[in-house]
Structure formats: C-alpha cells, structure tokens
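Engineer: Protein sequence lines correspond, in order, to chains A and B.
Using this note's numbering, the first residue of the first sequence is number 117, and each one after it goes up by one.
Using this note's numbering, the first residue of the second sequence is number 117, and each one after it goes up by one.
For the record, the hints were derived by calculation from the structure and aren't laboratory data.
Since the model is a prediction, treat every value here as computed from it, not as a measurement.
Each hint can be trusted.
You can't tell identical chains apart in this list, so a pair holds if it fits in one copy or across any two.
Calculated lysine-lysine pairs in the DSBU-like style (CA-CA distance at most 30 Å, straight line):
id, residue 1, residue 2
1, K124, K156
2, K156, K238
3, K172, K238
4, K156, K231
5, K172, K156
6, K124, K238
7, K172, K124
8, K124, K231
2 protein chains.
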Amino acid sequence: MNWLDELKWDSQGLMPAIAQEQGSNDVLMLAWMNREALQKTAELGRAVYFSRSRNKLWFKGEESGHVQIVHEIRIDCDQDVILLKVTQTGHTPGIACHTGRHSCFYRVYENGEWKVTDPVLKDPQTIYK
Amino acid sequence: MNWLDELKWDSQGLMPAIAQEQGSNDVLMLAWMNREALQKTAELGRAVYFSRSRNKLWFKGEESGHVQIVHEIRIDCDQDVILLKVTQTGHTPGIACHTGRHSCFYRVYENGEWKVTDPVLKDPQTIYK
Numbered sequence: 117m118n119w120l121d122e123l124k125w126d127s128q129g130l131m132p133a134i135a136q137e138q139g140s141n142d143v144l145m146l147a148w149m150n151r152e153a154l155q156k157t158a159e160l161g162r163a164v165y166f167s168r169s170r171n172k173l174w175f176k177g178e179e180s181g182h183v184q185i186v187h188e189i190r191i192d193c194d195q196d197v198i199l200l201k202v203t204q205t206g207h208t209p210g211i212a213c214h215t216g217r218h219s220c221f222y223r224v225y226e227n228g229e230w231k232v233t234d235p236v237l238k239d240p241q242t243i244y245k
Numbered sequence: 117m118n119w120l121d122e123l124k125w126d127s128q129g130l131m132p133a134i135a136q137e138q139g140s141n142d143v144l145m146l147a148w149m150n151r152e153a154l155q156k157t158a159e160l161g162r163a164v165y166f167s168r169s170r171n172k173l174w175f176k177g178e179e180s181g182h183v184q185i186v187h188e189i190r191i192d193c194d195q196d197v198i199l200l201k202v203t204q205t206g207h208t209p210g211i212a213c214h215t216g217r218h219s220c221f222y223r224v225y226e227n228g229e230w231k232v233t234d235p236v237l238k239d240p241q242t243i244y245k
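Just chain A, with the same shape it has in the complex (with noise of 0.2 Å):
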C-alpha cells in the first residue's frame, strides 16, 4: 500500500502537521496537509502545506524566503497527525510567524488571560513585500 493511503485524511482530506525546529526542538507552528503537501513535502525536503483560506498549497517561504527544511516526517499512532522536524531558514533565530516572532506560541494564558510574552524579531512588513 502506497504510504500515503496508510494515513487517516480527514473528511476534507486534511490533518495537522506540527513543525518543530531542529535542535532547540521548540514547536514552531501548526498547519495543514492535504495529500499532495505531504508527498510535495517529502519530494522536495521542504515544508508544503495546504492553507486552508487560500484553498491550495501552500510553499512555506514563497513570500517570505523563510524555507523549512524538512529532515524529518514522522505520524502519530492514530495516523492522523504529522510532526515535521525542521530548520527554520531566512533569519537567526530562525522566524516561523507571520507576526515576525520565533514561534507561532507567543501567547501564554496567565489568571484568566493571555500575555504576549515572545519579542518580534523582524518587522513583518519587511518580510512580506
């Protein structure tokens, strides 16, 4: 069986897929596959997702130049869930965001509310133009 069948799409023919930064091993963000993001992904040895407003695949670092390089796929026991290990390319510390910052998870709930706690280490408009 084809390695791509073996896996649990959902019903619109998605699962998440975490990405994870090499090393520091910090989770960087959560998106989205399709089949052909998963097997663009493996082809190419860099992130593809599928972005879910754009409907359709989604080259992380076409706009920004900020590659994943991919050295890792790994599935979950319920073969449902990718987890991707990464190096986060284009910038040191490497910027995985939209909003500029490291990580995607630059929000922590604290007494009923959540803090920003993550600095913006490149101003976003200079990275989209």
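Use these hints to put chain B onto chain A, whose structure you have.
Structural biologist: Using the frame of chain A, we list chain B on its own:
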C-alpha cells in the same frame, strides 16, 4: 472578554492541542479540546482533552494513571491551536501513547515507508487494566 471566548473554535467547537514535554521538549501527542476541556485543564493543572471517538471529556490518565501535569498553556497567532507544556507522570521515561511508547510519533517516513523507530516501554495490557 473571557479568555475562552477569544479563541477560534472550529465548527464542532474543537481545536487541536499539542502536548510537549517540559525539559526534553519532545512532542508527546496531539489531541483535541473543547471549551470545557481547556477550562478544566487550566483549573486543574492537568491535561483534559475531548475524546472525539467517545464524544466526552477525557481526563488524560483516568485509566492508565499516566496523568499529564500542565506547566504552561499557550495559544498560537491564529488562536486556533493550543500548546501545553507538560510532565508526563506514571512512568520514567513518561509514556504518553496508548501503545506504551513515550510519544505517539513513533513512526518515521523513510523511502516511501513508515518505519517504527521508538520502543514500547511498557506492555499496554499492564497499563490499562
């Protein structure tokens, strides 16, 4: 505005929640939460998910005793993915997966196949009595 109302729950009132191990930063699993699960998680300081198969709250560890102590709750930029920093209790090293493995992400893609790489730490039959 209530901190739970700021979040973008999907059409079924759910969102993905990633459990990451405090210290190692290993990604242990991804499960789903509804509003009540997240509220309980914050209240109790232990991971409470929503089981889509059983259609009810899932107090992680309720059967296995392998409770996840929650140190931190983060939300992503789109406010539709949760990241928990946890200590996986009940065994050393922690067992998050129902297969008796440390992490649910124990299969790696290699040349068109999924290869099991991580060992079973404890027979699941002795975990779930």
